[in-house]
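**Student:** Spelled out, the chains give:
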Amino acid sequence: MRLKLDKNSASETKPAFVYANIVIIVAFSLIFARLWHLQIIKGDYFKDLSENNRIRIQEIAAPRGIIYDREGIPLVDSFPSFDVSLFPQDVPDMPALIPALSRAVSLNPERLQAKIEAAQGFSPARPLKIKTDITREDLAMVETRRLDLPGVMVDMVIRRNYSYENLAAHLIGYLGEISPEELEQEEFINHKIGHFVGKYGIEQNFETDLMGENGGRQIEVNALGRKMRVLGNLEPNPGNNLFLTLDLELQKAAEGAMAGKKGALVAMDPQNGDILAMASKPDFDPNLFARGISPENWKKITGNPSSPLQNRATQGQYPPASVYKIVTAIAGLEEKIITPETTFHCPGAFPFGNRDYLCWKKEGHGRVNLRRAIIESCDVYFYNLGLRLGVDRIAKYAFGLGLGKATGFPLGHEKPGLVPTSAWKMKRFRIPWQAGENLSVAIGQGFNLTTPLQVASALSAVANGGRLYRPRVVQSVKAPHGETLKEFPPVEGKILHVSPETLEVIRESLWGVVNSPGGTGGRARIDGFNVAGKTGTAQVVQRREGRGELNLPEHQDHAWFACFAPAYHPRITVVVLIEHGGHGGAAAAPVAKKVLEKYYLRQKDKHPSPLQVAFKPIDDRPEGR
Amino acid sequence: MLDRRLLMNFDWTLLATVVFISVFGVINIYSSTLLQTGHLKPLYLKQIYWLILGMGLMFLILYFDYRTFVRYAYPFFLFCLFLLILVMFFGRTTSGSQRWLQLGFISFQPSELAKIGLILALTRFFTEDDNPHGYGLKNLLVPFLILGFPVFLVFKQPDLGTVVLLILIYASILAFIGLRLRTWITLGVGCAALAPVLWLFLKDYQKTRLLTFLNPDLDPLKTGYHIIQSKIAVGSGTFFGKGFLKGTQSQLHFLPEQHTDFIFSVVAEEWGFMGSFFLLFLLLLLISRGLKIAQTSKDRAGAILAIGVSAMLFWQSFVNLGMVVGIVPVVGVPLPLLSYGGTSAITTWMGIGILMNISMRRFMLSR
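Read top to bottom, the protein sequences are chains A and B.
When we follow our numbering, the leftmost residue of the first sequence carries the number 1, and every step to the right adds one.
When we follow our numbering, the leftmost residue of the second sequence carries the number 1001, and every step to the right adds one.
Hints were generated in silico from the structure; no laboratory data involved.
Certain hints may be false.
[Unchecked claim] Straight-line Cα separation of at most 25 Å, DSS-like style, residue types lysine-lysine; simulated pairs: (1) B/Lys1203 to A/Lys14; (2) A/Lys336 to A/Lys252; (3) B/Lys1292 to A/Lys486; (4) A/Lys47 to B/Lys1292.
[As the list claims (entries may be wrong)] The calculated label-pair distances, taken between Cβ atoms and stated as ranges, are: (5) B/Trp1012 to A/Ala33: 29 to 39 Å; (6) A/Pro15 to B/Gly1243: 38 to 48 Å; (7) B/Ala1192 to A/Asn21: 21 to 31 Å; (8) B/Tyr1074 to A/Met426: 47 to 57 Å; (9) B/Met1088 to A/Glu235: 28 to 38 Å; (10) A/Glu235 to B/Leu1086: 37 to 47 Å; (11) A/Asn233 to B/Ala1192: 29 to 39 Å; (12) B/Ala1192 to A/Glu213: 25 to 35 Å.
All figures in this text were calculated on a predicted structure; none of them were measured in a lab.
For each residue, glycine too, the CB sits at the ideal point set by N, CA and C.
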C-alpha cells in the first residue's frame, strides 16, 4: 500500500479554503452578535434577573395509578396532602422566621434550624421541604399567616393510600425513596432524588405502569417569594390503573382467618390460575412506607425475627409432608405399582434397615387400601409405596405438577422449592441415594421443599383435570380514562400426563379426607359445598422412637391444609400453611374453611340455586382398623 | 528523528494559543466547581492532570511523521470501533446513556477518540482515491460506511452530540475534497428524506430537547429551564463581567453541568463580553491556524488531515457556544479545552499534535 504523496494541488489556494473561512467567520459572527444582544443590549435586564433570580421550580406530582381488585374495588389509591417548603433565598430575616414558622407548623425550632442549616449549598431554585403531610389545622395556620412567613410555600402533593392497611401487603408491596442506583437507570430518567418509587411487590414490578409523569411549574416570584406569574406549566400525567385477580372479600376473610398466626394462605381459581387471595403473616402496613418510613418503624420491621417482609406464600419453603402423598399416590397408580384396591397392613410402624419408621398413628391403621390411606393419611401405606417406586419415579410426577421450580409468579423473588432425585443427591452431597430415604420422600419429608403457592398450583391441576396454570395476579393495565393498555390472559402451562382415572381416584380420596368418617380434614367440611383436601403435618424436628415430644414452640410441626371445592368442577383452591401450628387437620383446616365458607356463602347469594354437586359419600373402610 | 529543521518549523503560536485556552479553562472549572463537594480530588486538579497527559501525547505524536498515522489509519479506526462495541457491552451507564469505559480508576469515552479515528480513516481513503474531477455518489460508498459504523454505535449509546459532530466533520471533509454539484444535491435530498426516519429512533428526552429549542415552553422544567438560566448567566455578565468567583448564577448552582457542557456560561458571566470576546478570538485563532496548516501542507494527506482536525475544533466550538447562548439546540457537545472532561481534553490535544506535526513537516521532502 503506497500513499500518493507530493501532490502540489494542495498548496495552491483552492476555493475550498475561501469558503471554509467564510463559514467560520459567519459562524463566529453569529455567536458574537448573540453575545452582544444578551450581554450589551439586554445585559442590564439579565443582570437584574440574576441578582435576585426569581425563577422557581415547583413540581406537580403525578397521581400514581390505582390498584383495583377483580370486582373493581380500589385497594390502593392516592389522595392529596400538603407539604410546607421554604426557599431560604427569599427569607429576609431567618432568625425571625424560625420561631414563627415553627409555631405555624408545630415543629420544634431546633429541628427546624438544623434542617435549614443542613440544606445550605443546594440549588436555591429548589425548595427545602420543612414538613410533609401537615394537618388541616397547620395548613390553615400557614395560609392565614402568609404575610409573616416570607419564602414559605405550601405544595399539594399526592400521598399513596393503602385503604385496607395490612391487607395483601406482600402482594401490593410498598414505596420507598429512589436509590442512587435506580436514578442511573433509563426507566427512572425523569426522576429526581427524593421521589418515591415502588420497592416491593406490585408497586415495584409495575412501577413503570403506575408511576405516571410528573408535571411542574416554572414561576417568577417577587422579593417576598410570593408567586407573581407562571412562566411555564406542565400538567402531570396520572399513572395507569391495575386490575388484580384478587377478590377483596375473600382476601379479607383470608387475612381474618390468618390473624395472629404465622404462615401463608393462597386461594386460587383452579380453572385459570387466578390468585383470589394471598396472605402472609406476620405482615406490615404499607402506609408506613408511603412518605418515607421512620427509622424506628423500619427497625421494628426488619428487626422482627419472624421477617414480616417475607412473602411466605411464594418465598417460604416448607416440607410438604403428607400433602405430598397426593404425588406419591399418582406416581404409584400411573406406574402401575398399585391399583386403588391394593392394600397394605399398618401396624403403626414400618421396620426398615435398622430402624422403625413410624406412622403418625401409634396404634396403626390396620389393613388399608389407597383411598383409606389418603383419607386417614396412613404413613406406612406410603412407606410401602415409596419403597416400591423409588425416589426418581416420584420426582417425575412431582416435576410434572410443577414442583421443584418457580411457578412463574409475576412478582418475582419466588423460591423454587426442591424435589430430590438420586442424581441431585449425588451431585449435591456426593453420596448415593439410600433406600431408606425413599420412605421419607414418599410422605413429603426428607429433602422435599415446597412453597404454599406451588402446592396451590399443583393441587389446582389435580382438581381441574390436569391443566397446570401459571399463577396470575394482575389481569390488566388500564389508562386513567379506561382504555386497556395491557392484558395478561391466563397462561396454561403443561398438561399433566396422568390418566383421568387416576385423577378421579385422587379426587374421590381427597373428598373423603374432608367428608368421610375418620378423615383427617373433617374440620374443613361445609355442608353443601363438597370440599376435597389433604392435611399435612411437617416435622420440624425429627421424631424418633424413644425421644419424647418436644414442647418448645419452634419445635412444633408446620400445619398444612390444601383443598379445593367443589370436588367436581372446582371453583376455588385454598392452601394454608401455619408455621409451628401443630397438626394440619387441627390447625390449618379450620383456617381454610373460613375462606371456603366466605366463597360459598357469596356464591350462594349470587346464584339462587346453590352450586351443589351431588356426591355419593363413600365408605370403603376395610374392617379391622 | 526530530532534527533541527523540524524544531525550526515548530508552531509556537499554535502551542501558545492552546496552552492559553487550556489554562483559562482550568480557571473556569475551578470557579464553577468551587462549592461542589463529594469529589475526592477537586475537578480542576483532575483536569490539569488530563491536560498534561494530553500535552505529553501531543509531543509523542510530533515524534512520528503524520504519514505514518495515515498509513495505520484503518487499524486505528477499527480499534476505535472495537472500543465503541466494548462500551455497548461493558460501558458504565450514567443518566440513561452508556458512554464510559471504566479502566481501573479512570473512565474513558471512546466516542471522543472515534472523531480522530474517523478523520484518519477518511484521510487515508481520500488520499488513495484522488479524483480531481469531483466525486460522485459511487465513489462515496466506502467513506459512507466509514461514517456509518461509528455513527450507529454512538447513536446507540446514545450520544446525540457526538453523532452530530461526526456527521459535520464528515461533511466538511467532503466539501473540501470536492463533490460534483449533482452529488451534493442528491446527498441533500437524501438527508432530508432520512431525517424523519432518524427522528423515530430518537429517545423521548432527545426529541424534547430538540423541540424545546424551537419552543422553550415544551419543557419548562428541564431543558427549557436550562436554556433560560444559561441565557441569564451569559447576559448578566454584561461588558466587564462579574469577576472571577463572583458569578451569582454559577456560584449558586442555577446551572446544571456548568463545568462541562455549559462552562462558557461561567466564562460569560464572570468575564463578561470582554472575556468572551477574548476567548472567542483565541478559538478563532486556533481554527484559522488549522486551516492555514491545511493550506500550506505539501501533500494531500496533510491537507485533508488538517481540514478534518480544524473542522472538529470548529464545529465543536460552534455547536457548544451556540447551545450556551441559545441559538443551537441543546445536544450536549463539550467546548474543546474548556469543558471538564478527560477524554475530550486528550482528543483535542491529539488533534493539536496532528496539526503541529503537519505544520512542522511542510518543508520536508518525502522519504
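**Student:** Kindly indicate which numbered hints from before are broken by the structure, ordering the numbers from low to high.
**Tutor:** 1, 2, 3, 4
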